[in-house]
Amino acid sequence: MRDKVVSAEQAVALIADGDVVGLQAGPTQCAPMTLVREIIRAGRRDLSLVCLSGGLPVDWLAAAGSLARCTFAAVTMEHFGLCQRFRRSVETGAIAVEELSETALYARLGAASRGLPFLPTRGLIGTDLLDVGNDALKVIPDPFGGPPVVACRALRPDIAVLHAHRADRAGNIGIDPGVRLPTMTTLPRASRRVIVSVERIVGSAELRRAPDRTILPGFAVDAVVEAPSGAHPTSLFPAYDHDAGFFTAWVEAAADDDACEAFLDRYVRGPATQQEYLGLVGVR
Amino acid sequence: MRDKVVSAEQAVALIADGDVVGLQAGPTQCAPMTLVREIIRAGRRDLSLVCLSGGLPVDWLAAAGSLARCTFAAVTMEHFGLCQRFRRSVETGAIAVEELSETALYARLGAASRGLPFLPTRGLIGTDLLDVGNDALKVIPDPFGGPPVVACRALRPDIAVLHAHRADRAGNIGIDPGVRLPTMTTLPRASRRVIVSVERIVGSAELRRAPDRTILPGFAVDAVVEAPSGAHPTSLFPAYDHDAGFFTAWVEAAADDDACEAFLDRYVRGPATQQEYLGLVGVR
Amino acid sequence: MTGYSVDELMIATLAACFDNDDQVCNGLSSVLPVCAIQLARLTHAPDLVWIAGSSGVDPLDPQLTASSFESPLWRDAVMYLEHYAEFWDYVAGDRFLRKFCVGAAQLDAYGNANNSVIGAFDHPRVRLPGTAGLGDMGALDKQLIYWVTDHSPRTLVERVDFRSGAGYLGGHGERARLGLRGGPALVVTNLAVLDFAPDSQRMRLRSVHPGISVDDVLSATGFAPVLPPRVATTTPPTAEQVRLIRERIDPHSYRKRGFRPPTVR
Amino acid sequence: MTGYSVDELMIATLAACFDNDDQVCNGLSSVLPVCAIQLARLTHAPDLVWIAGSSGVDPLDPQLTASSFESPLWRDAVMYLEHYAEFWDYVAGDRFLRKFCVGAAQLDAYGNANNSVIGAFDHPRVRLPGTAGLGDMGALDKQLIYWVTDHSPRTLVERVDFRSGAGYLGGHGERARLGLRGGPALVVTNLAVLDFAPDSQRMRLRSVHPGISVDDVLSATGFAPVLPPRVATTTPPTAEQVRLIRERIDPHSYRKRGFRPPTVR
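Chains A, B, C and D, in that order, are what the protein sequence lines are.
For the first sequence, the residue numbers in this note's numbering are 1 to 284.
For the second sequence, the residue numbers in this note's numbering are 1001 to 1284.
For the third sequence, the residue numbers in this note's numbering are 2001 to 2265.
For the fourth sequence, the residue numbers in this note's numbering are 3001 to 3265.
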């Protein structure tokens, strides 16, 4: 068996400057935060991020200057407000934006995962998002005579980065009973390579007890990183909720350039290991 | 709560002569056989069947003269051989055929379930299936400049008919741990109405203990029929395997017109209830 | 306990939009719609199917938190919907989930919504969160129910800076000519309830909340809405509705967030 | 125990097609490929990922039955693949599942396959089971490995009655000109092993099984295959391979089905 388990540093070495990186994240929901911190620590630049509706990790990557571009349906931290560093970077033109509706983003990823040049959606019709020079979207006629649809060109990230509950050493990824998070399987299926951090490495026998809760097969996963509480401060239900205090601390720091840098130095660039980070933020 | 539980007879009353009927079935795998028998007992005619790779129920419906048309990727009983009654009906022209590859059939159903006029596939290129006058398939250019793809027109069955492990009275459908059978969720999502037979009606509380094993929400299910061993003689794992002896008996009967009619009279048209049928075939 | 606050009135008004046979979901940052859905389920629409956070079907024991998108909200769900293939499939068809509650940063006279940018798209003055599912909902055959906690000339404008979601476009049938069905149905704000005039499809004042005058609404609106001969007063919530909201649905008052101190003169 | 039968030789020949880094699935009515996959996993390719019945990933304790598509085959799988969104997505990409074993009712000189009809499509003399996944596999970037238990002029024909799956079409690069990559790689029959000549893409005799002459093969073939200067003899299975097949993989001899009594004169 090819052993897929590596360190966060080794995993992030698979990401090159300029890569298109697919990031699993919701506004406060499960993002691979250990890997995001490692991407920043490693100083990756010019990344094109693809993320359905990410929050804090997008803000951190923007604040650290890692991003050249971002494809999204939303960037928000929900009740913690807009991502202020991301927002400013877009407003100054430092980060270019591809905004898509949810079905259009799914269509772009779905086309890549299905080996198709495009998938259609009935969304976006009537919006200005069709008039901002996005060459990945084309209104095409229905060949069967109905109303036109929007063809969404396949979007194939160079690498997908996500977090889940457990994996075996072969890279099979398992989750606890619960919602399958948006893009959690679409994003890796669409991507050339896949990195997954997990709460725990387990024996394959544990996964074989509930194969319907395995969400990715090992052959389609390139690297697995063990990272307990690796989604902190985002949530990973049923294991843990998002850390509201930490989100609030970030929102306050993000309002000021110096405070922002100090925050990143302390929490992102500082801790050399996951254990050190967890000690610092007071988890466990 | 709207109570969706009805008798097989009441459920089949939702199917009209001439309807497009989506049937969940594999070559020997889980088909809603209690409902199929009821369709034959009720004398439905001119049905257009849509079935990915069905076996014995397709053969029965053909033998009973219920079918005018069939859309499929395969019709076979695997190690029990071709469906002889179906085959002869096609050879005599009594049943018209729409043969599709698996991805093309999924694309047609997927388009209907997604409210799209079509979905593309890269399958079928180079086959004669594109040259038999099927107006649901059109080779179209990739609007982004790649090779052409096959646009597959949305196929929306009037009604989907399937079998599963359990349901609550609201029509939420649950399965035991195991593979989600091909088309088991695509077919009902694509269809205007949905009938599901289940091994057992259970309280909602039982489904709420494992919501990730609920495969269809009650609001999208029109009728539920309690039918223990309702897939017999097809398999419903992990509950029961297919009944090889019964398959063999049908294959032998199907070889002869009189034996075929006698078989249908005895096993399909005869038993008035599921219990009577199970007694007759020696189940339980 | 007597009286009610405007959030409770809005919740009761939104709740009245949901029928017993409907299915309805909620999105991000949607505590008010969540309260309304729960209120409807506890009163006139016990069979209303709620897809909490667009994820959990028919939760028995939802726990309202500051988020309307985290797992406690769909506690004891009977099913989880996968977002792409299940949730959006059920939405995109024409049978289910016919009504959507939408919050937007800007809303215009013809019901077009903006959650994208203030200013130019490429160099915006304000980069907003993004269209999320709104760019889809607006194009599908849905009834859009807008809710606005800050009725002001900044939020209700003659023309949005950017159309993130299609309303009636330029009105006068333009939406239908583009092949789109459905469209905006109602706008529930902290001052009034508005709908859309059948011919022009321009926003129309339907009722003002108790204590608010028509002039209050007009001066807080960035365009001239259609004025019917008679403007009703919004029906206030009943004491029982208020009790359910305060004691059972949202005892921690998450619904109050997003409301500013009264802006009406 | 000495000797082997032709099914065992075919299984060993098919097994040699699978590398340790491959993923491979099996379809319906595919006991022979299943035995070959298992043999490869037990010998030279322990990491070969098998998607049993296109459903269960990497089963530890598969139970061979008369069906190659029922649940016992993927006992103790580590994951189940949903057929539409998961299995076909992994197939349709260009990274995984690069080789497919295909059985067909008719196969022609350029590797096109027919599982649809003998005779006209609308009024066939014989209605065959249908293209199933073959119509997809043939159009994707895959290596097709055909297996034929009944090498005869009826099964190996100059031109198939109907193309259910694309091989090299008319040969001489027609497949590539249509934009298709991959294509038929090998044909393993009960008499011989064939591949495809690089230029013409016409089927070419590669080796004859021990005890079978080139003339035996030619008279059992419905077209003239390309004959290389030297036709090798197929490597027979080792005693250990035969033992594994008989004792461990298929003790009930399901693999023998589909073979007729010898048809060679």
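There may be inaccurate statements among the hints.
In silico contact screen, one side only, chain B against chain A (beta carbon under 7 angstroms); selected entries [said to hold, decoys possible]:
id, residue
1, Lys1138
2, Ile1140
3, Phe1144
4, Gly1146
5, Pro1148
6, Ala1151
7, Arg1153
8, Asp1212
Everything labelled a hint here was simulated from the structure, so no lab data went into it.
All figures in this text were calculated on a predicted structure; none of them were measured in a lab.
Using N, Cα and C, we set each Cβ at its ideal position, and we do this for glycine too.
Discussion item. Run through the hints listed earlier and report the numbers of any the structure violates, in increasing order.
Written reply: The structure conflicts with hint 5 only, although it agrees with all the remaining ones.
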